[in-house]
Structure formats: structure tokens, C-alpha cells
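With the sequences and hints as input, model every part of the structure.
Under full-length UniProt numbering, the first residue of the sequence shown is numbered 1, with each subsequent residue one higher.
No farther apart than 30 Å at their CA atoms in a straight line, the calculated lysine-lysine pairs in the DSSO-like style are these:
#1 Lys380 / Lys311
#2 Lys311 / Lys236
#3 Lys484 / Lys534
#4 Lys291 / Lys236
#5 Lys235 / Lys291
#6 Lys530 / Lys484
If you are wondering where the hints come from, they were derived from the structure by calculation, not from laboratory data.
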Amino acid sequence: MAEGVFNLLDERWLPVRRLSGAREWVTPAGVVSGLAEDPVIAFDWGRADFDAAAVEFMIGLLACSCQPQDDRAWRGWWQAPPGSEELAARFAPLAAAFALTGDGPRFMQDCEDFAGEAVPVSGLMIEAPGANTERNNGDLFQKRGRFPALSLPAAAMALFTLQAYAPSGGAGHRTSLRGGGPLTTLVLAPPDKPALWHLLWLNLENAAAQAPEITPQTLPRIFPWLAPTRTSEGKKPPLGEDDIDPRGVYWGMPRRIRLDVAAGGEGVTCARTCAITGEPVTTCVRTYRTKPWGMNYGTLRHPLSPMYRQKATSTEWLYVHPQPGGLTYRHWIDLALTPEGSDYLRRPAPAVLTARRRLQALRAGGTRLRAAGYDMDNMKARGFVEAQFPLFILADDDANTRLGHAARALVGAANLVNGSLLRNLRHALTIADAGAARLDAVAESFQHRTQGAFFDTLAGLAARLDADPHDADAIAVAGADFRKRALEPVAYDLFDRYAPFSAQSGRLADMGKVVAARRNLVWLLAGYGKDGEKLFAHLGLPPPESKRGKKKTSGKAAA
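Okay, structure coming up:
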């Protein structure tokens, strides 16, 4: 390694937290240090996006150096992890790709040291206000000047985070390989495996059957900064599976960037404090240069991200991105469960399905799914979304299938009730189609308030199916429980809160609308009408007995 080069495989540049609460800096191989005494359990950047990106960095590094051939090989390091020395030796052949500074190829930076305007390093932060926002004094919440200088570790992670999650950056400034602000999903290790190593190793896929051997000649197909950038101006086609190594999806480089490193001895001193770590530094990054028309990627499968398609006949799959309102159990079924049939529109991340298979073989329980990513509005970051959900992995395949089918049915029931609640509120309050967005908060509240009962119901169902995979009554018991504990009380409470009968006192026409709308909601939840029949079918409940003289639909509001 060249003297004075900051190489990410050799430097202690990753901040971590150990089980004891101790904090320190480690090399990538150092994440397995002290496993028996005081294991590293998490990255500790103080920023959720950096912590998430650091996990992806490590999984990508393992994929290029330690990928197991099959589940049997994978179990070896799950049960007896490697030491730091062994891991460092595995990483060593990749050293040329991880030099952040120096005269040769630089990590995640354009191979060409081009000239250009120096822009503040704060531009590497996805949430930073753009130049136009600053000119218009629109940076009310995310202020300019928050990141005047970054240490080399922080600059490296900011650069990787931007390249991995890059939103639209204006003309020619490409989004990430997975689009702007992709959703990343990971399966957390069981509670008895708290070490960060087990999270990383659990979410690492086995080697592809035809994965080419990594050599100095093939490295540029994985790490694009080792060769001249394949630019995307004009009508050049996007890069596809034939253009990069399968492991290259961890190292997408859509942006053409060169960091300006200021250090004592180069004529420019940097006696500053890093805006991320708070530590004093003498070598830092205050500016960088950028050019448009970086690498433009077509649809490539990434192991850590779920995808969707618009219709069952489509062959084009797109990446899932966080949306306003956060993530709830409505999203969980598509992030955590194996798709049913062949006409599904959404599929989980490959690593999630791999982790589920491994954990089922290990008979490991108590695991959870973590989902995280930027909620973007084109170039503007609305927030970084994180959520954790339970995972239910049963020993019996049939039991897992029944549980997954029931989970989808319960979500279908919740969506049916939520939709009816909104339609009847619109009728009761005389809200036209153009004003339907006024009730978005109601829809979100319904999802969040029924979520706890949903997972409690699934936990009870999982316990019954684990004991008896063929329990004939299990589904109906779960459906009745979810209806009684969540669907009915939450729907009634939200309706009465937003359309209180007392507010219409003296206005007979308005009072009549409220009464009719609430009656329709009651009948739906009792199983009457076409939607009521659908609801009970979702819940696995028998249809209610018809009562003489009772109509199944009434009023102008749709059930």
C-alpha cells in the first residue's frame, strides 16, 4: 500500500458499540473482535442512514471475499465465526479497491481526476438543501452549513451512502442502482446471537453457481472506480446483468465525484472538528468536485431490497421505496413472506428468503425484520424511515404456508374495513373526491392502531400451528380475535371521533347522513352485504345468520 494512503481495509474507521456499551473504532475485520467476551453489536455513527449503509458496506465486502458455497458452508461460520486475522486475510486481495486517498484509483470516486467547481462537502448528505433551495432561502429545517468539514472516515461513509441511496440530482446526476432512496430489508439474528457478525452473516447470500473468480482483471466489473467510468450521456443504454459482476450490485457508482482532501503538509491545513463524529481532525474533506452522466443502471436484482411490478404479466420489476406514513403490517406481508402462486406483484429481498430458510433449518425463533430507507420526494428527503417487525418461522413447511396465507387474509380484512371507514366518513361529512386527502390521517391512524393486535393475533396463530400444523380451528379463532380486538373498536372509535353525532345537532339532513354511514360500517363488521361477506371470508369466519326483515345494504354510503 502506498505511504500515506487512507485505505478502508486497514484503518480503524468504523465506529462501533459493543454489548457492554463501550464505543470504539475498528477496521472492517475488527467487527469480529472480542466475540466471546464483548462482541460488537452495532455501528455507531450517530446517523441512522450511515449505520444502515455501513451494514450494506460490510455485507458487500463479505460477498466479495467470503461468500459461502452453500448453507452447509454458511453454518460453519455461523456457529464458529472467524477471527479478525482470518477475516483481514480474506479482505486483503481487495485492497486496491478501498484506497480513499492517493494518486491511484480512489474508493467510490471517478477514475479521472477531473477539474471542476469545488462544492461544499455537505452536498454528500442526502438531506442537505440543494443550491436552488439555498438561493431561495428555503432551507428552513435542514440548514445550510451544518457540515463544513468531514473526517476521512465520515467522508468515506457519506460517499458510500450517497452512491448507494442517491436520489435524483438534477440533469445528468444519476440515481442509485436501486433508484432514489431504496428500501433495504434485513433479517435480524435471534436474541441469543447479538453480535453484529451474525446480522451480517445471516443476510449474506450463498455464492452464485456461475460466479466468476475474482482476479485483478475482473475487479473492475465489481468495483467500477478501478476503470474509466462508463458514462451515460446521449442515448447510451443502461448497464445490465452482462455489464457487471453479480457482486457489483453492492458497489454501484451513479455519481461522478472526486473528494478534495485537505491536510497539513499539502499547503492547506484542516484544524477542524468533524461535523459527524465531533472529533478534531487535521486531515479532512471540505469540498468535492462532481460531473454529470455517471453510470446509469438498468434493473438489476439487489440481494437486500424488495421489488414490485405493476401487473402480473409484466417482466419489469422495480424497487420498493419508503412512502409517507411509514411502514406498517400492510407492507410487512410483502417484505417478509414468501410469495404465493406465480402472479404475485411483490417479492421480498432475496436475502430475506435466504435468511428465513436458514433460520428454519436451525429451528431458530424470536427473529425480526428490519426495514430502512429514505422517503424521497424527487430530490428532497422527507425523512429516513426505519421499522422493525416480528418474523414467524415455523418448523413445518405446511404450517408456514398456512400462517402466511392467514397473514395476507388478515391484511385484506384490515384494508377492507379501512376502505369502508373512509368511504362512510366521506359520506357522513360530505367530502367530495377532490377532498379525499383530508382523511389520509384517518387511514394512517387505523393502520398504526391495529398493528399491535395484528402481530399479537399472528403470534397466537403461529403458536397453535407450531403445535399442530393441521389445527382446523386455528384460522377462524385468529380471525375472530383480530375482528374483536382491533377492527371493530378502532373503526368505531375513528368514525365517532371524526363524525360525532353531537356535532350535527339540529341539522336533520346531516344527522341522517351520519346515522346511515355508521350503520353501514356496523353491518360490514357484522358480516352483512357483499363487503361484509368478503370480510368474513378473509377472517375465516362463517357468514352470519340472516335476520328476518333486515336488509343487507342501506343508505347512500358504500359499505
